[in-house]
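Chemist: Just so you know, the sequences run in chain order A and B. All residue numbers for the first sequence refer to the working numbering, where the first residue is 18 and numbers rise by one. All residue numbers for the second sequence refer to the working numbering, where the first residue is 18 and numbers rise by one.
Just so you know, the hints here were simulated from the structure itself, not pulled from any lab data. Don't take every hint at face value.
The list makes no distinction among identical chains, and a pair is therefore deemed to hold if it is satisfied within one copy or across any two copies.
Said to hold, decoys possible - For lysine to any residue, the following SDA-like pairs were computed, each having C-alpha atoms within a straight-line distance of at most 20 Å: (1) 464 - 454; (2) 81 - 272; (3) 81 - 255; (4) 81 - 274; (5) 81 - 269; (6) 172 - 399; (7) 306 - 471; (8) 172 - 489; (9) 306 - 149; (10) 172 - 468; (11) 306 - 262; (12) 306 - 389; (13) 81 - 390.
There are 2 protein chains.
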Amino acid sequence: MSTPEERPKKLARRLAPVLEQLQRQSVVESVTHRQQQNRSDLIENLVQRQQQAALVRELNRLNKADIGHLLNMLPADKRHTVWQELPDETAGDVLLELNDAVAEDLIELTDEARLLSILGALDSDELTEIDNLLPPAVLQQAIDALETNERNWVKQTIAYPEGSVGDNMSRDSLVIHESLTIRDAIERVRSAPELPPQTDKLFVTGHHHQLVGVVPLIELMRYPEDTLVRDCMDTDVVAFSPGDDAVDAGQAFERYDLISAPVVDEHHRLIGRLRVETIMDHLREVAQKQALAKEGLKADTDLFGPILEGARERWPWLMINLLTAFLATRFISLFEGTIQQLVALATLMPIVASVGGNTGNQTAALVIRGLAMEQIQGGNLGYIYRKELLISLINGVIWGSVLGLFAWLLYQNPLLGCVMMGAVMLNLLLAALIGITVPMLLVRLKKDPAMGSSVVLTFATDSMGFFLFLGLATLILV
Amino acid sequence: MSTPEERPKKLARRLAPVLEQLQRQSVVESVTHRQQQNRSDLIENLVQRQQQAALVRELNRLNKADIGHLLNMLPADKRHTVWQELPDETAGDVLLELNDAVAEDLIELTDEARLLSILGALDSDELTEIDNLLPPAVLQQAIDALETNERNWVKQTIAYPEGSVGDNMSRDSLVIHESLTIRDAIERVRSAPELPPQTDKLFVTGHHHQLVGVVPLIELMRYPEDTLVRDCMDTDVVAFSPGDDAVDAGQAFERYDLISAPVVDEHHRLIGRLRVETIMDHLREVAQKQALAKEGLKADTDLFGPILEGARERWPWLMINLLTAFLATRFISLFEGTIQQLVALATLMPIVASVGGNTGNQTAALVIRGLAMEQIQGGNLGYIYRKELLISLINGVIWGSVLGLFAWLLYQNPLLGCVMMGAVMLNLLLAALIGITVPMLLVRLKKDPAMGSSVVLTFATDSMGFFLFLGLATLILV
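Next up, chain A with everything else stripped away, as it sits in the complex (with noise of 0.2 Å):
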């Protein structure tokens, strides 16, 4: 019995021998210190020192879990270490736990032999979890290996594009016909040699393997044994297509609080389960890959990777920016002559395309979480542009005003600041309008309206800010 924080306590205390033993070889330097570091610090020293037995011993006291969450922290070349001493069955379950980029660079280093080994103590659902890190031709022999049944499913789900429910679902799950009793659904239950992870409720079909309701697991116990499936099953059954999109179907997971759910064909029939754990997995990976993708990172660059490749990774971003900002310094060369006659205007004008920059990205900010939760639809689009223009226009006038007198009074000029204050309005006007629009359109054309929204805003709020600014005082003041 252990909660989180107890379990690289109790670790360090499974531990404290070997540390005892390295001690007293007198290659450490206080005990104190190192009873202060955390238990990948601890598995680190081992494998620095080399003590491969103490390492082995402490690896194999470790759960699945624990052992992949510990080589996403290690660097890579103790990483490898590590990895050299797990057994091949343990490696497999290891592998499902590991980062994409860790779990590529260690199947990278593995030898053939070794990664068929460690593949052949995977079934086929596992095997489909990883089946896009893995070389082609291992996969293919390792698919080969596995009796025809699994085989067949697992040609069958690699076949759906990733993202989808089809690559997301699971092949295990408990099924019942609907004509027999709650005692032979029981039995079903006794009798099966293993029981799918996170099982909540039989499926039950009909005729030609169709789906037909769902008994969730608790009521088996609750209702009369004799009592036919048929009569006591759920028949309001949320169920998925393998071409579904595995973020809404994850949506649709937490909305009607799904624990597991089944995947039918296009005549109902029952193929495949799909599990709220691979479902969050999923999530999390989507969300993070958006996260990097906003900066124009793909999700699996590999943080201890080879620096070269770090680099190119980040080319194609960097020449978008390159490009845009150039562009927008175009504005900037239409008006060279009044920046000679008026030099404040070359300090003064980055605040201008950055106030704009700063609120078109709350705004965009606003509307993507209003797409994302379902909320923007064609009948309000009028309203939030309206709200959105109108909330622009009273912080245009404020600060606006708060930076025309700054301007003024910096370079005792009147009407310097008059050009701030107007230029400063309509940019948060025009921000305000592209950020609403931006990710409307990108919605529209079928992208993510998270992804690249922030270049084309930045562009224009700098191409406007400098050309807003410039021209009102080309007009007002030369």
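Following the hints, position chain B against chain A.
Modeler: Leaving out everything else, chain B in the frame of chain A:
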């Protein structure tokens, strides 16, 4: 039986007679056009046409999750109409499904008598889910109306800070004493008047209500009925303390594939239960809060709320932005003399700032992800610094040269090209340095590393971009 996409279709079918009725009254343009509209449009129309009876009928057919989803999407006035038509008992369940901002709006709108009647239909667990949205006086009355046991529990739970496990735990769980048999356990399940949602295991207690193990529900059916619970229970249990962070608990749920977990006090006494559903909700809320907080917005910002409030909510961030943008331009003002001599500098300087911001944000995003996944620790920080600086050097040389060439060609000035190249290189190095240091510092200060990183970063890369570019120009060109 319906897949999620079929649900709206089903609804449309149900609404068809109502729509026909409406058409016969010739209040609508064309049925085919209308049939294309989605379900919320349909309900919206019923609201608009004041077809109250039809509206109530249709609402009764929807489940609470779907009504909640619908209310989240409706503009404020229509949202209010639908809310008024909901029976109090349904309204309570629906309230639990709403976004915080929408729920707050509706609660504010509802008179105290109805609100109390609505809350009266909720149990203690449900009440604590929305306690922070209720006016304190009403909450107190609702608590007073509960039975003694439930009342005590609510009072205890409310005391835990927001975002803690205690704040997210629920009271209901199936508990059994270790000295009983599997038969007793099954009887316990059978006799429970209502089963707690997402029950996947029974909690086993020993002396003084101390948690000693769990029995997965599915195993109840697999053990011989006269086995003692003590002899077959699983004792390797992941348990939480009420003071634990709920996000950390979420990571444990993911790592150990949990559906529910016990919450224990310092003496290992069972005090509550944590469910995967609550944890998923919490993780999603936190993620959304962070996405908005990055832009300086509060998570409970109502997309349909009052305008003046919307404007005021954005002031803190606008002010910070104004201040940092203003400070950054002070670096420009140092070089107004240089700009006067070569106005092209004013045109080109935003590019240097922008490229630096881009690289800094990329580095920061990687570091933030590394921190979130606990990949970064004391031991490998030096490695990460070296790697990111090298990447910046490589990209600085390559893209600095490209930009330098551009500047040279555009202004026919080779020295200007050199200045550009040097400034871009140096700013990229600086950006990488800051991109690592800022999130690491925020973590050390116990802040969220994502929150605010980009403000500091942009300020630094802007300021230094201007300073390096104009400084180098002053040294080399003037």
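Chemist: For each hint, tell me whether it holds in the structure or not.
Modeler: Quick rundown of the hints versus the structure:
1. 464 - 454: within (14 Å within a copy, 33 Å between copies)
2. 81 - 272: Between copies only: 10 Å across, 31 Å inside.
3. 81 - 255: The answer is between: 15 Å across copies meets 20 Å, while 32 Å in one copy does not.
4. 81 - 274: Classified as between; 12 Å across copies, 28 Å inside a copy.
5. 81 - 269: between (30 Å within a copy, 13 Å between copies)
6. 172 - 399: Close neither inside one copy (48 Å) nor across copies (44 Å); limit 20 Å.
7. 306 - 471: So residue 306 and residue 471 pass the 20 Å test inside a copy (16 Å) and across (18 Å) alike.
8. 172 - 489: Neither, since 65 Å and 61 Å both go past 20 Å.
9. 306 - 149: Close inside one copy (16 Å), not across copies (32 Å); limit 20 Å.
10. 172 - 468: Intra 32 Å, inter 44 Å, cutoff 20 Å: neither.
11. 306 - 262: Within. Shortest intra-copy distance 16 Å satisfies the 20 Å Cα cut-off; inter-copy 24 Å does not.
12. 306 - 389: Intra 16 Å, inter 13 Å, cutoff 20 Å: intra and inter.
13. 81 - 390: Result: close only across copies, 17 Å inter versus 36 Å intra.
This entry does not satisfy hints 6, 8, 10, going by the numbered hints stated previously.
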